[in-house]
Amino acid sequence: MSKPIDSVGSWPLRDRLGYFAAWGAGLALIAIAAAILIYMAYRGAQHFDPGLLIESPSASLDQATSGGFKDPIIGTALLLVMSTAIAAPLGVTIAIWLTEYGRPAGLARAVESAVEVVAGTPSIVLAMFGLILFQEWFGFLTFDAEGAVLGRSFIAAAAMMSLIALPLVVGATREALNSIPGHVREASYALGKTKAATIRRVLLPAARPGIGTGTALGMGRVAGDTAIVVVLLGSTLQILNGADGSVFGLFRGTGSTLTSYVYYNSPAGEGLAPEKAYFAAFVLLLVVIALNFVVARIARGKEELWAR
Amino acid sequence: MGAMSPPEETRDERDVILTPPPPVRRILVDDEPTVVQPPPGNGHVPQGTAGLAAPLRRAEPLAGPKSERMSIEGVSIAYGGKLAVDSVSLPVRQGEVLALIGPSGCGKTTLLRSLNRLVEITPTAVRSGTISLDGEDIDSMEVTALRRRVSMVFQQPNPFPMSVFDNVAYALREQGSGRPGKDALMSYVGDALVRAGLWDEVGATLDHPALRLSGGQQQRLCIARALAARPEVLLLDEPCSALDPRSTQVIEELILKLREEVAVVIVTHNMQQALRIADHVGFMYLGELVEYGPAEQVFGAPREQRTREYVGGAFG
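Going down the list, the protein sequences come from chains A and B. End of the first sequence sits at 308 in the working numbering; the numbers just go up one at a time, nothing left out. End of the second sequence sits at 624 in the working numbering; the numbers just go up one at a time, nothing left out.
The set of hints was computed from the structure by calculation and includes no laboratory data. Heads up, a few of these hints could be off.
[Claimed, not checked] From the derived model, a few chain B residues whose C-beta atoms are all more than 10 Å from chain A:
id: 1; residue: 369
id: 2; residue: 384
id: 3; residue: 395
id: 4; residue: 443
id: 5; residue: 489
id: 6; residue: 503
id: 7; residue: 568
id: 8; residue: 617
[Claimed, not checked] Pairwise CB distance ranges (calculated):
id: 9; chain 1: B; residue 1: 389; chain 2: A; residue 2: 102; range: 22 to 28 Å
id: 10; chain 1: A; residue 1: 128; chain 2: B; residue 2: 492; range: 55 to 61 Å
id: 11; chain 1: B; residue 1: 412; chain 2: A; residue 2: 101; range: 27 to 33 Å
id: 12; chain 1: A; residue 1: 106; chain 2: B; residue 2: 522; range: 56 to 62 Å
id: 13; chain 1: B; residue 1: 513; chain 2: A; residue 2: 107; range: 42 to 48 Å
id: 14; chain 1: B; residue 1: 390; chain 2: A; residue 2: 179; range: 26 to 32 Å
id: 15; chain 1: B; residue 1: 431; chain 2: A; residue 2: 7; range: 55 to 61 Å
id: 16; chain 1: A; residue 1: 118; chain 2: B; residue 2: 390; range: 37 to 43 Å
id: 17; chain 1: B; residue 1: 399; chain 2: A; residue 2: 118; range: 54 to 60 Å
id: 18; chain 1: B; residue 1: 594; chain 2: A; residue 2: 12; range: 49 to 55 Å
[Unchecked claim] What the simulated footprint calls covered on chain A by chain B, stretch by stretch (three residues with Cβ under 8 Å from a Cβ of chain B suffice, anywhere in the stretch; the number is not a length):
id: 19; region: 177–184
id: 20; region: 190–204
Keep in mind it's a predicted model, so treat the numbers as computed, not measured. Here a beta-carbon is modelled for each residue, glycine too, at the ideal position from N, C-alpha and C.
Working from the sequences, and respecting the hints, build out all of it.
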């Protein structure tokens with residue numbers, strides 16, 4: 001028995017070129033991703049020192065005494081939690097309003113455009129805007145050095161960071177809500193349920209995978225952003241409590257994240273401690289890859305719930 | 309199908325029922341209308357073939373007086389000025405199945421959806437005329453209260469993405485101020501599942517996700533969900549059109565049993581189905597109720613020319 005014949009050789013030249021170009025593009029992307037990972041893993045391994053993970057940084061030009069990056073790791077985690085705590089509920093609420101209410105239509109279009117504007121704004125512009133906002137109006141939420149309001153704090157950074165995550169949460173939640181067939185909503189109404197009860201008990205649970213995907217994508221972007229951290233947390237590497245040592249003081253305080261640590265220490269930035277920066281960059285890469293892995297897991301868990 | 313061997317004499321009818329029905333218009337196209345009328349006195353399943361594989365025959369009407377649950381009087385419904393239902397008047401009686409038949413777009417689903425005021429969800433829909441439930445105008449009732457008394461099952465099986473138990477309990481929860489616990493709801497949920505003929509299949513696995521059930525089971529779960537709040541009227545919008553013939557048969561038997569306790573209104577494209585389960589039939593065409601009467605009369609001796617053409621398969 002011979003194999004059925006279906007050879008690329010019989011295709012027109014144009015199609016063959018396109019075919020190989022598609023293959024080539026895919027392979028090139030694999031090569032680029034592998035190069036980044038392998039290079040960062042190699043440099044990170046060269047300077048591998050788990051002690052750095054639990055050691056606070058200290059201001060020193062000498063790499064031997066400049067400490068580790070415990071504070072930047074805490075800073076990244078803190079920003080992730082704070083900005084997600086703002087972006088996830090806000091984004092889900094906006095998405096619910098857009099898909100389930102969305103009236104008057106003009107207002108809905110305006111909200112959609114606003115989400116797109118926020119999504120398209122470069123983070124450095126968000127950072128500038130945030131700096132002005134928190135210097136002028138919300139100074140009490142920021143770190144002050146001997147009475148001088150700098151407009152910098154974890155609150156300020158998290159607020160602006162949440163705008164990066166927000167459009168992703170809105171988009172993924174809307175998509176999830178839109179994929180729920182209309183007759184499922186009607187089934188709930190037909191059982192004597194109000195719209196609010198339907199949203200709470202049926203639609204939100206059904207949209208949970210979508211909400212999770214959007215949130216995790218947003219967290220990946222937050223963990224990787226540098227501009228907002230540099231502008232709104234400043235250049236202190238250590239976490240400085242903004243008040244009396246309380247949790248609110250922590251939120252009001254400043255510090256750094258893995259991105260700003262890499263920025264200040266790597267040759268790409270100020271180059272104060274290049275070797276530690278490589279290790280920190282590798283840790284950051286792992287964090288973001290882990291978040292993307294979470295996204296993939298959630299997305300795979302999504303089943304086709306309803307017959308259409 | 310070969311695994312089950314029914315007695316010889318029922319073989320032919322069984323094959324007709326259990327092979328997926330081709331479009332009705334082709335089956336009936338050359339027949340005299342009287343052919344589809346059931347032989348009198350043959351309403352019962354023969355001995356020994358009772359069960360799922362048995363052919364379903366025309367059911368005997370229930371004995372006893374039929375009380376009118378809902379009355380539809382001069383109801384017209386328009387979507388954005390376009391008339392979908394044109395001054396229809398009909399009674400909905402306890403203890404019988406009312407089937408609404410007619411070609412696509414004839415307004416039968418719209419009429420059905422007006423009975424629990426679900427048409428109001430469509431922003432452009434406007435309704436006139438009076439619909440009353442037990443003598444009370446449904447427009448003057450709280451819509452959530454109305455829909456617990458007039459409940460509905462849809463064309464697509466649409467269980468919620470939660471457990472079997474939670475699906476059935478959904479209608480019961482949050483009715484009052486407090487949220488009753490699982491134990492308090494158990495008897496109601498079990499009762500609804502028994503009435504929907506699903507208890508034997510899911511009784512042991514109430515915490516399993518409802519969306520893992522088969523299509524026919526999902527639809528019966530939707531019926532259980534609709535029955536849980538003990539409604540007086542059950543609306544069915546082509547409940548079998550997404551199901552295979554076997555599941556269809558199970559649900560038809562269920563409907564015949566349910567009509568004892570609730571008034572059933574069913575919209576169907578399938579005229580054989582209407583003939584099998586309906587006590588009264590309303591034939592709608594272009595928004596008008598062309599003919600209403602006992603199923604035997606509408607199918608066997610239609611008064612109107614349009615009804616004769618439709619049940620004879622000439623159009624639709």
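Hint check:
1. Interface exclusion of residue 369 of chain B from chain A stands, the closest Cβ pair being 28 Å apart, more than 10 Å.
2. Every Cβ of chain A is farther than 10 Å from the Cβ of residue 384 of chain B; the closest lies at roughly 22 Å, confirming the non-interface assignment.
3. Its beta-carbon lying about 25 Å from the closest one in chain A, residue 395 of chain B satisfies the requirement of being farther than 10 Å from that chain.
4. In this structure residue 443 of chain B is separated from chain A by more than 10 Å, as the shortest Cβ-Cβ distance comes to about 20 Å.
5. Annotated as non-interface, residue 489 of chain B keeps its C-beta farther than 10 Å from every C-beta of chain A; the closest such distance is 16 Å.
6. Listed as a non-interface residue, residue 503 of chain B keeps its Cβ farther than 10 Å from every Cβ of chain A; the least gap is roughly 16 Å.
7. The beta carbon of residue 568 of chain B is kept farther than 10 Å from every beta carbon of chain A, the shortest such distance being approximately 22 Å.
8. Look at residue 617 of chain B: its CB is around 32 Å from the nearest CB on chain A, clear of 10 Å, so calling it non-interface holds up.
9. The supplied range of 22 to 28 Å is met by residue 389 of chain B and residue 102 of chain A, whose beta-carbon atoms lie about 23 Å from each other.
10. Hint check: residue 128 of chain A to residue 492 of chain B, Cβ distance near 58 Å, so the stated range 55 to 61 Å holds.
11. A hinted range of 27 to 33 Å holds for the C-beta pair residue 412 of chain B and residue 101 of chain A, which are about 31 Å apart.
12. Checking the proposed 56 to 62 Å range against residue 106 of chain A and residue 522 of chain B shows it is violated: the Cβ atoms sit about 45 Å from each other.
13. Between residue 513 of chain B and residue 107 of chain A the CB atoms are about 46 Å apart, so this pair conforms to the stated range of 42 to 48 Å.
14. For the hinted restraint 26 to 32 Å between residue 390 of chain B and residue 179 of chain A, the CB-CB distance of approximately 30 Å keeps it satisfied.
15. Separated by about 57 Å at the C-beta atoms, residue 431 of chain B and residue 7 of chain A satisfy the suggested range of 55 to 61 Å.
16. Between residue 118 of chain A and residue 390 of chain B the beta carbons are some 41 Å apart, a value that agrees with the proposed interval 37 to 43 Å.
17. Roughly 57 Å separates the CB atoms of residue 399 of chain B and residue 118 of chain A, a value that falls within the hinted 54 to 60 Å.
18. Checked against the given bound of 49 to 55 Å, the beta carbons of residue 594 of chain B and residue 12 of chain A, roughly 53 Å apart, stay inside it.
19. Closer than 8 Å: that is the beta-carbon criterion, and the region 177–184 of chain A has 3 residues meeting it against chain B, so the requirement of 3 holds.
20. Residues of the region 190–204 of chain A with a Cβ under 8 Å from some Cβ of chain B number 8, which satisfies the need for three, so the listed coverage holds.
In this structure, only the earlier hint numbered 12 is contradicted, and the remaining ones agree with it.
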